[in-house]
Amino acid sequence: MADDVWILGIHMTDFGKHKDKDALDLGVEAATGALRDAGVGVEDIGVLAAGNLLGPDSFGQLLQKQIGQTGIPAYNVANACATGATALRVAIMAVKAGEADMGLAVGAEKLAGMGLLTGNERAAGNGTWVPSGRYGAVAPLDGLVGTETMPGVFAQIGMEYAYRHGEVAFEVFARISEKNHAHSTLNPKAAYQKRFSLEEIMNDVMIAYPNTRPMCSANCDGAAAAVVVGESKLRTLTLEQRRRAVKISASVLTSDPYRDGCQVLPDINTLTRQAAVTAYEQAGVDPDDLDLVELHDCFATAELVHYDNLQLCEPGGAVDFFNSGATWRDGRTPVNVSGGLQSKGHPVSATGIANIWEIATHLRGEAGDRQIPDAKVGLAHVIGLGSACGVHVLEKAAVA
Amino acid sequence: MGQIPLVDYLVLGDEPRLVANECTSCGARYFDRRNACARCGRQEFETVDVSRTGTLRSFTIVHFAAKGVDVPFVAGVVDCAGTIVSGNVVNVPPDPRHVSLGMDVRLTTVPVGTDTAGVMAVGFGFEPVAERE
Ligand SMILES: [Zn+2]
Chain A
1 MADDVWILGI HMTDFGKHKD KDALDLGVEA ATGALRDAGV GVEDIGVLAA GNLLGPDSFG
61 QLLQKQIGQT GIPAYNVANA CATGATALRV AIMAVKAGEA DMGLAVGAEK LAGMGLLTGN
121 ERAAGNGTWV PSGRYGAVAP LDGLVGTETM PGVFAQIGME YAYRHGEVAF EVFARISEKN
181 HAHSTLNPKA AYQKRFSLEE IMNDVMIAYP NTRPMCSANC DGAAAAVVVG ESKLRTLTLE
241 QRRRAVKISA SVLTSDPYRD GCQVLPDINT LTRQAAVTAY EQAGVDPDDL DLVELHDCFA
301 TAELVHYDNL QLCEPGGAVD FFNSGATWRD GRTPVNVSGG LQSKGHPVSA TGIANIWEIA
361 THLRGEAGDR QIPDAKVGLA HVIGLGSACG VHVLEKAAVA
Chain B
1 MGQIPLVDYL VLGDEPRLVA NECTSCGARY FDRRNACARC GRQEFETVDV SRTGTLRSFT
61 IVHFAAKGVD VPFVAGVVDC AGTIVSGNVV NVPPDPRHVS LGMDVRLTTV PVGTDTAGVM
121 AVGFGFEPVA ERE
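For the protein sequence lines, the chains are A and B, in the order given.
Under this note's numbering, the first residue of the first sequence carries the number 1, and numbering increases by one thereafter.
Under this note's numbering, the first residue of the second sequence carries the number 1, and numbering increases by one thereafter.
For reference, chain A alone in the conformation it holds in the complex (with noise of 0.2 Å):
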């Protein structure tokens, strides 16, 4: 039987604008952060893996160049929103086999000021129209055949909730958003920490309609790092390192399964549902018993479906749960009381990890004021669109 794996330290930098550093400087900031918060050191560190998607190749080496070249395998890892997850799971998968006591996990990312994620610029109409690339188009397509924006796709994502479970009041999607702002207002990490009304939200500039600006994610700079170890390696170590540890019960990647569609309109629906399913049952959890939950809110009309895709409603019912004041942070299944991507901004490799930060340290009771009472299971989520999912469920427990 592999031993279990547990979060031994985990750091999470301030998200937000950092004028003078650059990733590596944001990545080493996590990185010995979550070493110190493990209080060990990186001789002690077995197998690196680490994310970056818009800085230099390897950012591993070059952050191992900084924080010590022990000559430990480091994995370059890109899953597009899912790299900090994926960079984390390469560093459990480790540990769970046997090959390293324990593994640092490092997702850093420089994105703000850059404006829309968005599909290619379209280049000035001149020469002669050339079949090109496996449509044979002779223009690039977005804004032609639909459209390859985030907020767009992520839009008609939610969007086709409401085709195949009844109408989605724009108002619904807006509230949701309201929902994250108002929590973020707790979070002193978070890149924006202000309160929108409903009104300002609906009003605010329009992106991709349902998706207003505040209901888009934030684009910051941040950078998470999360230390994980064997359980029996764990049990060798100090009363007060084993009683802040937690225990990762499940930890699920997934690709997307094909289904009718999915190359047209991304399906981000089917592979979240199967990495919920298997980490519940993997932790012997049921959605019942998470008292919080983290989630890929990339856009507002994101977060709809994952209530469902995570199983926190019955199926097709994730307006009237959202209405019930269900994910609200005194609500039944609290859900981004950071206050998500929208607020607490998405640097995206960073992501994978810092939503798992965040339901740490509310199993440690570290969480100050945004603390939710008694914390003992949370789960986390992320989506990198191509598609990848990562699942992670945390338990408060104590070492056997």
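These are calculated hints, taken from the structure and not from any lab test.
Keep in mind that a hint or two might mislead.
Which residues of chain A face chain B? A few of them, derived with a C-beta cut under 10 Å, are [to be verified]: (1) 139; (2) 152; (3) 153; (4) 154; (5) 160; (6) 328; (7) 329.
Each residue gets a CB set at the ideal place from its N, CA and C atoms; glycine is no exception.
Chain B with the ligand: place on chain A using the hints.
Just chain B with the ligand now, kept in the frame of chain A:
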């Protein structure tokens, strides 16, 4: 003065239509050049016509896009008798009051532009079957 389709799965002519690569084993349909079937892994395909009418399964109204993309426009996902197609919803105001989920649409062509040789590229979109008030 010839015409060229925007994509090679658009067939121009008197009755413009979309065509798909259909897996001869499992029936999965694709619009891109294929190496194999993502559902069953087989490698034989045949070209089939896609229904010219369909139902609007999802849409968004894009107000911000990359440079050179005209906004606002309606991007949609259309269920053409079981084949899911991406395309703009055209000949309708880009406004949620005029576009609704489940509405019936039909294929139409849309001029994209003319190149230096005088060849016109022609794209496609979906227009409402019945103009709504
Ligand atoms: Zn097939």
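Taking the hints in turn, this is what the structure says about them:
1. The interface hint given for residue 139 of chain A is met, as the beta carbon of that residue sits about 6 Å from the closest beta carbon of chain B, less than 10 Å.
2. A cut of 10 Å between beta carbons decides the hint on residue 152 of chain A: the least distance to chain B is about 5 Å, and the hint holds.
3. With its C-beta approaching chain B no nearer than about 8 Å, residue 153 of chain A sits inside the 10 Å limit, and its interface hint holds.
4. Satisfaction of the interface hint for residue 154 of chain A is found here, the shortest Cβ-Cβ separation to chain B being roughly 9 Å, below the 10 Å cut-off.
5. For residue 160 of chain A, the shortest C-beta to C-beta distance to chain B is roughly 4 Å, which falls under 10 Å, so the interface hint holds.
6. Checking residue 328 of chain A against chain B by beta carbon gives a least distance of about 27 Å; that is not within 10 Å, so the hint is violated.
7. Hint status for residue 329 of chain A relative to chain B: violated, with the closest Cβ pair at about 30 Å, above 10 Å.
Of the numbered hints listed earlier, those contradicted by the structure are 6, 7.
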